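Residue numbers (the working numbering), protein chains in the order written: chain Y, 1 to 245; chain P, 1 to 275; chain F, 1 to 210.
Please keep in mind that the hints were generated in silico from the structure rather than gathered at the bench. Hints are supplied without guarantee of correctness; some may be wrong.
As the list claims (entries may be wrong) - Computed footprint of chain F on chain P; a stretch qualifies when at least three of its residues, placed anywhere within it, have a C-beta under 8 Å from a C-beta of chain F:
(1) 116-130
(2) 155-166
(3) 245-255
As the list claims (entries may be wrong) - Pair ranges (Cβ atoms, derived):
(4) P:Ser49 / Y:Pro147: 24 to 34 Å
(5) P:Gln272 / Y:Ile169: 33 to 43 Å
(6) Y:Gln156 / F:Gln26: 44 to 54 Å
(7) Y:Pro147 / P:Pro107: 47 to 57 Å
(8) F:Gln4 / Y:Ile169: 40 to 50 Å
(9) P:Tyr7 / Y:Leu158: 26 to 36 Å
(10) Y:Gly190 / F:Ala135: 39 to 49 Å
Remember, predicted model here, so these are calculated numbers, not experimental data. For glycine and all other residues, C-beta sits at the position ideal for the given N, C-alpha and C.
Residue-level listing of the chains:
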Amino acid sequence: MPGPTGPITGILGLSTEVIGIWLAALLTLAIYSFLYGDNPVYKVAEHIFVGISAAYGAALTYHLVIIRRLFDPLFRPDLAQPPLDVPKLSLIIPGLLGLLIFSRFIPRYDWLSRWPIAFIMGLYAGLSIPRTIQTNILKQMQATIAPVLPVDAGGQYLFFSGFENLLLIVGVVCTLAYFYFSLPHRGVMGGLSRVGIWFLMIGFGAGFGNTVMARISLLIGRIQFLLYEWLPTIGIHLGSGPGAG
Amino acid sequence: MWEKLLYFDRRIIFVLIALVVIIPFLTEWRASHGQITPSTQNLYNEIESLEPGTPVMLVFDYGPSGMPELHPMATALAHHILSRDLRLLGLAIVITGPSLCYDAVAPVAEELNKVEGVDWVNLGWVAGFVVPITQMGEDIKRTYPTDFQGRPTDQLEVMAGIRDYQDIGLIIDLAAGNAPGAWIAYAHDPYKVKLAAGITAVMATDYYVYLQTGQLCGLLNGLKGAAEYEHLIGKKGFGFLGMSSQSVAHLVIILFVIIGNIGYFTGRRRRQGSE
Amino acid sequence: MRLQIPIAMGFLAGVFMFVQFFIPHQMIKASFKDALDWAIIIGAFALVLGLGSLFRAHIDKIRNRRPDYGYSFVTLISFAVMFFFGILYKTDPGTVFDWLFINVQVPLEATMFSLLAFFIASAAYRTFRARSVEATLLLLAAVIVMLGRVPISDKIPYLNLHEITEWIMMVPTVAAKRGILFGVALGAVATALRIILGLERSHLGGGGGQ
Numbered sequence: 001m002p003g004p005t006g007p008i009t010g011i012l013g014l015s016t017e018v019i020g021i022w023l024a025a026l027l028t029l030a031i032y033s034f035l036y037g038d039n040p041v042y043k044v045a046e047h048i049f050v051g052i053s054a055a056y057g058a059a060l061t062y063h064l065v066i067i068r069r070l071f072d073p074l075f076r077p078d079l080a081q082p083p084l085d086v087p088k089l090s091l092i093i094p095g096l097l098g099l100l101i102f103s104r105f106i107p108r109y110d111w112l113s114r115w116p117i118a119f120i121m122g123l124y125a126g127l128s129i130p131r132t133i134q135t136n137i138l139k140q141m142q143a144t145i146a147p148v149l150p151v152d153a154g155g156q157y158l159f160f161s162g163f164e165n166l167l168l169i170v171g172v173v174c175t176l177a178y179f180y181f182s183l184p185h186r187g188v189m190g191g192l193s194r195v196g197i198w199f200l201m202i203g204f205g206a207g208f209g210n211t212v213m214a215r216i217s218l219l220i221g222r223i224q225f226l227l228y229e230w231l232p233t234i235g236i237h238l239g240s241g242p243g244a245g
Numbered sequence: 001m002w003e004k005l006l007y008f009d010r011r012i013i014f015v016l017i018a019l020v021v022i023i024p025f026l027t028e029w030r031a032s033h034g035q036i037t038p039s040t041q042n043l044y045n046e047i048e049s050l051e052p053g054t055p056v057m058l059v060f061d062y063g064p065s066g067m068p069e070l071h072p073m074a075t076a077l078a079h080h081i082l083s084r085d086l087r088l089l090g091l092a093i094v095i096t097g098p099s100l101c102y103d104a105v106a107p108v109a110e111e112l113n114k115v116e117g118v119d120w121v122n123l124g125w126v127a128g129f130v131v132p133i134t135q136m137g138e139d140i141k142r143t144y145p146t147d148f149q150g151r152p153t154d155q156l157e158v159m160a161g162i163r164d165y166q167d168i169g170l171i172i173d174l175a176a177g178n179a180p181g182a183w184i185a186y187a188h189d190p191y192k193v194k195l196a197a198g199i200t201a202v203m204a205t206d207y208y209v210y211l212q213t214g215q216l217c218g219l220l221n222g223l224k225g226a227a228e229y230e231h232l233i234g235k236k237g238f239g240f241l242g243m244s245s246q247s248v249a250h251l252v253i254i255l256f257v258i259i260g261n262i263g264y265f266t267g268r269r270r271r272q273g274s275e
Numbered sequence: 001m002r003l004q005i006p007i008a009m010g011f012l013a014g015v016f017m018f019v020q021f022f023i024p025h026q027m028i029k030a031s032f033k034d035a036l037d038w039a040i041i042i043g044a045f046a047l048v049l050g051l052g053s054l055f056r057a058h059i060d061k062i063r064n065r066r067p068d069y070g071y072s073f074v075t076l077i078s079f080a081v082m083f084f085f086g087i088l089y090k091t092d093p094g095t096v097f098d099w100l101f102i103n104v105q106v107p108l109e110a111t112m113f114s115l116l117a118f119f120i121a122s123a124a125y126r127t128f129r130a131r132s133v134e135a136t137l138l139l140l141a142a143v144i145v146m147l148g149r150v151p152i153s154d155k156i157p158y159l160n161l162h163e164i165t166e167w168i169m170m171v172p173t174v175a176a177k178r179g180i181l182f183g184v185a186l187g188a189v190a191t192a193l194r195i196i197l198g199l200e201r202s203h204l205g206g207g208g209g210q
């Protein structure tokens with residue numbers, strides 16, 4: 001096994017790397033057993049995943065935030081980064097607010113958990129308003145309102161670019177019309193929203209195509225692990241692996 | 001006959017998909033990287049245009065579920081950044097990022113004889129999602145007072161002269177969730193720092209919107225994006241290797257769609273005929 | 001008071017964060033940085049809160065001997081082992097913690113998500129039908145993108161599917177997504193305003209009394 005903090009050693013003559021690859025391979029196959037049907041092996045693997053990933057998050061949060069950003073500056077200022085001459089007492093406030101979150105588990109005092117949550121939600125809300133308006137409204141409007149008859153540096157009309165810009169404006173307006181429910185979707189509004197649906201369907205179709213690609217890539221990733229990392233541990237080497245060419 | 005095809009055990013589809021992904025690896029046939037997407041080329045050009053020594057942030061905003069698509073990108077980008085003698089600052093606002101940063105960058109750094117703390121650093125993770133992004137606009141070392149292993153950043157050579165986003169040449173966010181949106185809104189737009197992203201293909205339709213506005217100066221899309229980038233830097237990796245299986249799997253799924261539709265329409269015609 | 005104080009805290013935090021954007025004064029900047037430090041710390045505690053719910057669910061299951069309660073032991077033991085190495089020792093590369101992450105967490109999570117490859121193939125086969133004009137548009141766009149995103153499409157003569165895919169992504173898809181984005185953004189701004197003004201209180205749930 002690897003040393004708790006130090007370099008990797010071995011067990012029974014096998015390197016920890018090989019043991020790790022075998023463990024990963026067996027867990028991979030355990031998850032794939034679900035494709036045949038739900039079974040205890042899959043369930044064990046699934047429950048290991050929940051426990052391990054929760055502990056990963058907890059340990060990192062403990063070291064990187066609770067110790068380094070709160071405990072050290074408050075109680076060990078000389079060890080804090082940057083080192084402090086005196087404890088940073090202002091951190092008592094977020095520390096206490098943070099601890100109040102746990103009052104959720106004490107029914108009598110659970111109302112106290114509202115304080116840190118209100119503070120955080122208020123802070124995020126205040127931070128997000130100007131940013132959302134600039135990034136997702138103003139910049140998007142700016143990029144939509146493009147000339148429908150653009151010319152290049154030489155004064156030539158760029159008809160196809162103009163057509164694209166026009167299509168973009170029509171598409172955005174029609175999509176918005178589809179989501180505008182304060183007017184009945186009849187007449188002009190009905191026509192606009194129908195065109196809006198067409199744009200949405202093309203968008204969703206493109207999304208589906210990309211999703212297929214992503215899901216297949218995930219499977220490819222695991223197969224590559226089994227073929228190029230696991231099989232070599234039992235002496236099977238496939239040609240032209242990564243790094244070739 | 002076609003109708004019957006619609007009602008067989010779906011495990012047959014599972015076996016077929018597994019086979020079409022596995023078999024291309026067992027052959028010597030390798031699909032190419034395909035045509036280079038303009039957004040991939042733009043990211044490559046952006047890195048090429050940076051002066052040696054310029055700090056580049058490589059952000060690991062993904063977990064193990066995003067690895068098959070994003071890890072090959074991370075490896076290729078780390079290779080490009082370090083081989084051009086740029087400074088690589090690895091960091092994350094998603095909690096699994098720091099471990100994946102080591103996994104991707106350390107082997108590349110070793111191969112190129114680059115030293116941690118001098119040429120590259122893993123700054124680790126900070127809670128709060130948009131909060132650290134915002135705070136780095138004021139002071140990066142305040143947001144990351146130490147690197148992941150606890151070494152003070154103000155003593156690291158790789159961090160010398162870096163205060164805020166004005167000192168960063170480019171940020172590349174590798175993400176499997178909505179992190180690039182946060183980087184656009186809280187880093188690029190207010191501080192005008194150049195930003196590119198590498199994303200899983202699932203998210204592609206969300207981020208082309210920002211590519212069209214110019215808020216993203218480059219974009220790597222899924223495993224194909226990784227394969228394209230590997231081709232550009234001349235180092236074939238898992239992205240390129242996966243393209244054969246990816247191609248065949250897509251063809252088979254399209255075939256599934258066609259057969260499914262033929263079955264559906266022949267069945268519908270028969271039902272209409274019998275009414 | 002149990003509701004007024006948190007509403008006031010949310011209001012002050014929200015207004016301060018909004019106002020600092022427009023007043024780049026040194027003192028405001030310093031308080032802004034402090035507030036962000038605080039948010040990082042409180043945010044970390046909020047993450048730990050999730051653990052409490054996880055433990056409660058599994059301990060309840062064991063205590064009441066619900067079906068499959070044995071698996072809850074697996075979760076709790078896995079947590080304890082990983083947490084033990086993570087807390088008592090370090091999380092750096094080369095440690096047991098890192099070894100467990102790379103060899104247990106990574107394969108489990110990556111494989112679990114890769115199951116979706118099989119399910120999406122099955123879904124494409126069973127449900128993806130050209131029943132109407134709209135469904136046909138969706139299907140065509142999907143098929144073109146599926147072909148255009150893989151190198152093999154370069155072999156198809158007279159038709160540059162890669163470029164057609166890029167065009168679909170850059171023009172009609174951007175138009176549709178932008179329409180949605182406007183709606184989402186306006187909704188987000190409205191919700192943020194409601195939170196600051198204390199009109200939106202669902203996040204304050206939790207506490208029993210007023």
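Now for the hints, and whether the structure bears them out:
Counting residues of the stretch 116-130 of chain P whose beta-carbon sits less than 8 Å from any beta-carbon of chain F gives 4, enough to reach three: the coverage restraint holds. Here's how the stretch 155-166 of chain P fares: 0 of its residues keep a CB closer than 8 Å to some CB of chain F, so the rule of at least three is not met and the hint is violated. With a threshold of 8 Å between beta carbons, the proposed coverage of the stretch 245-255 of chain P by chain F holds, since 9 of its residues qualify and at least three are required. The given range of 24 to 34 Å is respected by P:Ser49 and Y:Pro147, whose C-beta atoms sit roughly 28 Å from each other.
Taking 33 to 43 Å as the suggested C-beta distance range, the pair P:Gln272 and Y:Ile169 conforms, at roughly 42 Å. Checked against the given bound of 44 to 54 Å, the beta carbons of Y:Gln156 and F:Gln26, roughly 52 Å apart, stay inside it. At roughly 49 Å, the beta carbons of Y:Pro147 and P:Pro107 sit within the given window of 47 to 57 Å. Roughly 48 Å separates the CB atoms of F:Gln4 and Y:Ile169, a value that falls within the hinted 40 to 50 Å.
Between P:Tyr7 and Y:Leu158 the Cβ separation comes to about 53 Å, which falls outside the hinted range of 26 to 36 Å. Separation of Y:Gly190 from F:Ala135 is about 19 Å and departs from the stated range, judged on CB atoms against 39 to 49 Å.
This entry does not satisfy hints 2, 9 and 10, going by the numbered hints stated previously.
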